[in-house]
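Take the sequences, apply the hints, and build the full model.
Chains as they are written, first to last, in the working numbering: chain A, 1 to 171; chain B, 172 to 658.
Read the hints as simulated data drawn from the structure, not as lab findings. There are no misleading hints in this set.
A partial selection of chain A residues facing chain B, derived with a Cβ cut-off under 7 angstroms:
hint, residue
1, Ala18
2, Ser52
3, Leu53
4, His118
Over 12 angstroms on every C-beta distance to chain B, these chain A residues come out as not near it, computed from the model:
hint, residue
5, Gly40
6, Ile72
7, Val80
8, Gly90
9, Gly124
10, Ile139
11, His140
12, Gln148
13, Val149
Backbone N, C-alpha and C fix where the C-beta goes; we use that ideal spot for every residue, glycine too.
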Amino acid sequence: MSDTWRTAEQLRQDFDDAFAEAVHGETEPREDFLAIRLGGDAHAIRLADIASLLPLTVVARLPSPLPELLGITGLRGAIVPVYDLRALLGYDASDPPRWLVIAAAWPVALAFDTFEGHVRVARGASARRRPNEPSRRHIHEVLRTPEQVRPVVSMTSILETIKTMVQQGVA
Amino acid sequence: MWTFGKKIAMGFAVSFLLLLGIGAVAYRSIDVLTTTSYWVTHTHNVLEHVTGLVSQLSEAETGQRGFVITGDETYLRPYEAALISVPQLMKDLRELTADNPNQQKRLAAAEPLVAAKLAVLKKAIEIRRQAGLEATIKFVQAGEGLRAMDALRRLTGEMGTEEKTLLNQRTEEVEAAARTARYTIILGTLLCLLFVTAVGLGLTRSLTTQIAAAVQHVQSSSAELQAAANQQAAAAREASTSMTEIATTISELLATARQIAESAQRVASVAEQSTTAARSGDGTVQLANDSIAGIRQQVDLVVNHMLELGKKSQQIGAVLDIVSELAEQTNILAINATIEAAGAGDAGKRFGVVADEIRKLADRVAGSTKETRTLIDDVRGAVNTTVMATETASKAVDMGSRQFGEVATTFKQIASLVVTTTQSGREIELATKQQTTAVEQVNLAISNTVQASRETEASSRQTFQTASQLAGLSKDLLRLVQPKGAG
Chain A
1 MSDTWRTAEQ LRQDFDDAFA EAVHGETEPR EDFLAIRLGG DAHAIRLADI
51 ASLLPLTVVA RLPSPLPELL GITGLRGAIV PVYDLRALLG YDASDPPRWL
101 VIAAAWPVAL AFDTFEGHVR VARGASARRR PNEPSRRHIH EVLRTPEQVR
151 PVVSMTSILE TIKTMVQQGV A
Chain B
172 MWTFGKKIAM GFAVSFLLLL GIGAVAYRSI DVLTTTSYWV THTHNVLEHV
222 TGLVSQLSEA ETGQRGFVIT GDETYLRPYE AALISVPQLM KDLRELTADN
272 PNQQKRLAAA EPLVAAKLAV LKKAIEIRRQ AGLEATIKFV QAGEGLRAMD
322 ALRRLTGEMG TEEKTLLNQR TEEVEAAART ARYTIILGTL LCLLFVTAVG
372 LGLTRSLTTQ IAAAVQHVQS SSAELQAAAN QQAAAAREAS TSMTEIATTI
422 SELLATARQI AESAQRVASV AEQSTTAARS GDGTVQLAND SIAGIRQQVD
472 LVVNHMLELG KKSQQIGAVL DIVSELAEQT NILAINATIE AAGAGDAGKR
522 FGVVADEIRK LADRVAGSTK ETRTLIDDVR GAVNTTVMAT ETASKAVDMG
572 SRQFGEVATT FKQIASLVVT TTQSGREIEL ATKQQTTAVE QVNLAISNTV
622 QASRETEASS RQTFQTASQL AGLSKDLLRL VQPKGAG
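See below:
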């Protein structure tokens, strides 16, 4: 109980200190990532690449030749298509996804399994994939943290692929 | 085969019959002889009366003749005597010859003659007295009296002749009867002597043979009796010895039985103490049973409280789910706010800081929620473990209660058995006392039996002596019935 009280006291102290301290500028540049899991594997999505994170509620399925297209969903009055990020990265997509991220560059929603949290690292913590590391689609860099190494999903590559598939499908 | 007594009885019976026959014949002969002698005497009596009658009448005539001649009254005495005796003689003759009709006829014919003679005599006397001698001589010379007297003598002569004939006949009968009796007695006596001699010889031979055989049997039996008496004496000595040993054993048994009785008494006393302790233990068991029931209630209460704590933990878990959900949503909102702040450029930096603080807070809340969930899970696990342990304890208490109930039941049974043991101990004590009394009686009986065995031994010796004497007597008797060289 003493540890719990101590923790509570620390939280209260930190919370109070947060109001007491002045707002300082960034002393060092940082990057934000979303830690997610796709098919059981840890991945990361750059926070600057997305416009929003939200739980997947309702998806209206559409007849489509694209298996990666799950359907459409409503988002703040707009209708956006929902693609399965697992299928796009070549994972098993039999289980229903629970989370969505909205791409910042394009109104497209990507569904995935598990949201693990927000990761803020110093800029430069992500690096290009090393030559000896295996090559995978839509993975061009990795995020290295003290705990683990997470492949960073390239939203640009994903959106290009979707665009290509849509154009091919329309054609 | 006839027995000796039967033979003797038969010999005596035949001899008795022979003697009886001889006696009967002798009696008959004597009776005939007596009767015949009576009739001989009777005939002599009749002859005497007939002769007397004639004599009396002759005496009367003689007296009358003297009176007539002399005129002296003294000569009339025979006449006067005849007047009295003649009627009596006539009466006696009628009675004596009542069985003889011929004599009765002659008496009937003689009566008027007697009366006429007496009348003639009387008339002559009266004439003498009245007319004198001459008249009387004339009257006598008339011969009336002589005729009557002759006729009377003729009749009395006939009567005498017949009576003599009868006398001769009866004399012959007497001689015949006497002869018959004599022959019968002589022949019967000879026959009886012969029979008795034959029977005596036969009985002597038979008796000698049978007595000899019996004596030999008696001798052999005496020998056997001696042997048996010896064996009996030996057996009696052995029995006496055995009985003495048995008496010793019985005495030891008696001592053991008394020890058993004392032990049984102690057992009964201990059993009574056990009964008292069992009753006390029963109360203690009841108190312990009540305590176990209280423990059972407390355990049930603890289980209920633990179950309630489990429910509360579940409710806390549900609240934590809400808090976790809120923290996650807050985190998502903070992330989205961070994204929005980044999109707002410099104007959104301050907002980004706040959003970052909110995200950190949400992360901390999520971490605390995880810790709390871990704690709650630990609590729930502990509650479940406690409930399971309590239920196990409850089951153990139930089991213990049941076992204690069984123990209590067993204890009651033990108490009942102790009571039964007490009763049995008393019964054993009583039975052992009775057994002791019985053993004492048996000991007394054994002592009596020992005494009886000794007496039997003495009696056997006496029997042996008696058998020896009997053997000697048998030899003597054998010598008596079988002289030396006969057997």
